[in-house]
Amino acid sequence: MNSIERVLAALTYGQGGHGTPDRVPVFPVPLMQGALVHKCTVAEYFKMPAQKIAEAQVAINQMFEGVPDGVAGFPNVIQDVTGFGMGLKYHYANSTPAVDGMLIQSPQEIEGLKEGKYQGSPDLCKTLEIIERLACGIGKEKVVIGACIAPFSLPSMLMGTAGWMRLLYTPRLRERYMQRLLDICEKFTVSWANAQLRAGAHVVVLADGMASATMIPEDVFAKHACGLIKRTIRQINGMVAYEAVGRVEPYAHYYADSGAVAILIGEDDDIGVCKQALGGRVGVIGNVNNMKMRRWPPARVALMAKRAINAGMDGYGFILANQGPELPFDVGLEQIGALINAVEVYGRYEKKETGEFSLAA
Amino acid sequence: MAKTGLSISAGDESAFLDHLARELYHQLNFIFDIQASSKAVTACLKPIESGDLDDTFALVNGELLRLASEVSQGCVTSRDECTKTKEILDVSRVSFENIQKTLSDLVEASERIQRVADVIETFARQTRMVSMNAQVEAARAGEHGRGFAVVATEVGRLADSIRSESDQIQGAVESIAERTRGARDLVDHELDNNVEQAAAVNRMVNVANHLSEHGSQLPGIVAKLDQFLDPLEKAREAGGHNGMIQVAAGNVNRNLASLHKAIRKYAPSEVGVGVCSIEGYVDRLAQAMVEGDDSCVEGLTTRMLDSGHEPTACLDAVGIAVHSANVQQKHRQTSVGEHYFNFLLVEQVLEEIESRIGDPDVTGMKMVIGNARGDYHSLGRQMVGLFLRASGIEVIDVGLGASAESFVQAAVESGARVIGVSSLLVESAKEIKRIRTMLDERGLKSTKIIAGGACFVVDREFHAEVGADYVATAASDAVSIVQEVYGYQPMRNMNGAGNARAA
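Top line first, the protein sequences correspond to chains L and C.
Here the numbering used here = 1-based position in the first sequence + 1274.
Here the numbering used here = 1-based position in the second sequence + 8.
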């Protein structure tokens, strides 16, 4: 059973014609750790040609003996803003870049906002090339993962979180500008996600940091975010994993009919409750705390991974991962190894005489 | 007007409803306290319920078992090694005793040689005397004794020669005897040491035997630790009861809130309150903020200002209400959006107050706030800044992506005793280390740093790693911390009993 088969079997709860998974799949998210492969800084790594970045992601997979079931075809989702002509700036050698100034300074500017185009961004075109390279090679067995910012969160990148919140919570501004802004963001997200799928990505992660229960109350989510999320997923021509950074559990039931294949959850979310709310229709990916992994010893990481596996593996539908967004650069390789290795130690299903795998009695 | 069956005037009814609303609000706070305490208990029980402690216990127990086994094995090895050492020391002692005996024999032999040398020396001396006597007698014999004199002289020389050789033999023998005695003394000393070492090793053998005996019992003792799992199981059951308490408290809370809202609807004014004390406005403002009732907040503010209360006291009332509302929302795990809604309400209230009093008077408390270098997530900083202002705290905002130097310089120039650094990114957050170092270098060790932002919310212990004194996980936390650092009690100021605002 290769990784693609294993992931499909897990995400369809063993009912999708792919058989049952032999073990819990694992998706660590070492986006920045490619710099370790090339012995350079993160900033230098992200600026490398597509070939080098693809090579690094393959090397990381091999570093952990091919156990990780996916490879990331994107350097970082913040680059999506370059589709709107915005710039990125590296303030630290070993960190993700930040936006170099906001595109929208006042809500009135939304009226003149132009549509975003991934084709005009060298960074996004490079990402497509990374995905193509991965898809042609390691992607024959491993899941190639793409990513883009969801339309409800993209405004916070274009005008700042404070600006977006003010617009969202001020009726006068909301009524006048929000729909146009979200329409433009939705169009960009859909076209950019589909481009990644065409390039060979097996799944696209829809990153929606503004739509979690940590960020907005349920009435705002239900009224302004939920419909947009579902409509966006429907327009993306492939598998979508939905990631609302923060607490997801209170709104998990909204995603059951979203069309996503999985949702990414955080440490504070209960895996069992989320799985129950999703009703066997959407898988769960998570949820080891990525920040705490920086200081946890490998044994502690293994313990927390084991805890997540124990909570999620029964009945399939679960993929082990760090909570979003990515692993900080200073998480040790031993810690990442402990997370990955946990699926081999604790995440094996028992093979039945029928050839199916299930939880040991 | 609702019929109560009592004959009371409209004013009395208003006062009664007002009183009832306040009582209900106190009950609500009480329920919040129960919920908060219950949540705290739940948080403590969470590791038990989740099986975390079981896992950790199993890990520790396994580790202890392994260690106990190693200790037990170590004791046996130690005892065997001690026994071997004792045997070696025994063999060594026998060898030392043999050497000691040989050396004693050597000393004795040297002494015998010395005695022989003494005899030879005596013979030589006597021979010399005989030679001298013979020479005297040969001289008396005249010409006939000349040949005898030559013989006597030669005998004398021979005696001298023998004496000289005897002296040398005696010196050499004396030297040998002395060195042999020295060697024998050393061997005697070593032998004493050997005896002491043997005694020590003997004691070690006894201790090792003892350890070995107890070490073999260690795995059994560690295995008994499993008994501690029973109390864990009971604690888990208690967690279930605690959950029921929480649910019940939540239900009571919701019912009280509905009742409170219903009573306010029948109250004589649009905001459900007539002229009342400033503390009364605090309660109502907080409740309106929790409910997100912006028109009520606006109405209350206007009424409070119109009712003759000092604008500065009104500002304090708003600050306390904001804090109270934020604390209640935090207990309910409300979203950033709800806090932001409060932010907009407070912004509106501040505008109203400031339009009447100009720049709000300050309490003397100051805080520098900013986003660390490389961080451009301004939401938290803006909210903190406004809540600080609403609490009469002067804010020195160094803005987005501020350098460590900017924070420190602002603190030096303003005399602020608290710096708030906001960051979403890990690398930006590490700027706090630089700020701490620069403050220390400038002799500002007592200046406190509050860390805030997403990375500190995800991992609360991260703030200590970067050298911050406090972590703020909600915008209102900063207000409490600044008041704590400055020893400020806002209620006292509101009642005019102290903490006078700075001129």
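It is worth saying that the hints were derived from the structure and are not from the lab.
Predicted, not measured: the structure shown is a model, and the values here were computed from it.
Even glycine gets a Cβ: it sits at the ideal position worked out from N, Cα and C.
Treat the hints loosely; a few may be bogus.
Counterexamples of contact, computed for chain C against chain L with all Cβ distances above 12 angstroms [to be verified]:
1) H347
2) Y384
3) R389
Below 27 angstroms or equal to it, Euclidean Cα-Cα: the simulated DSSO-like pairs (lysine-lysine) are [stated by the list, open to error]:
4) K441(C) <-> K1313(L)
5) K1391(L) <-> K1313(L)
6) K1580(L) <-> K242(C)
7) K1391(L) <-> K1321(L)
8) K1504(L) <-> K1363(L)
9) K1388(L) <-> K1326(L)
10) K1363(L) <-> K441(C)
11) K1414(L) <-> K1363(L)
12) K1326(L) <-> K1461(L)
Comparing the hints with the structure gives:
1. H347: 10 angstroms, violated
2. Y384: 5 angstroms, violated
3. R389: For R389(C), whose nearest Cβ neighbour in chain L is about 8 angstroms away, the distance does not exceed 12 angstroms, so it is violated.
4. K441(C) <-> K1313(L): It holds: about 26 angstroms lies between the C-alpha atoms, which stays within 27 angstroms.
5. K1391(L) <-> K1313(L): 33 angstroms, violated
6. K1580(L) <-> K242(C): 24 angstroms, holds
7. K1391(L) <-> K1321(L): 20 angstroms, holds
8. K1504(L) <-> K1363(L): 33 angstroms, violated
9. K1388(L) <-> K1326(L): Outside the cut-off at roughly 33 angstroms; violated.
10. K1363(L) <-> K441(C): Given that 27 angstroms is the threshold and the Cα spacing comes to 22 angstroms, the pair holds.
11. K1414(L) <-> K1363(L): 35 angstroms, violated
12. K1326(L) <-> K1461(L): 31 angstroms, violated
In terms of the numbered hints stated before, the structure departs from hints 1, 2, 3, 5, 8, 9, 11 and 12, listed from lowest to highest.
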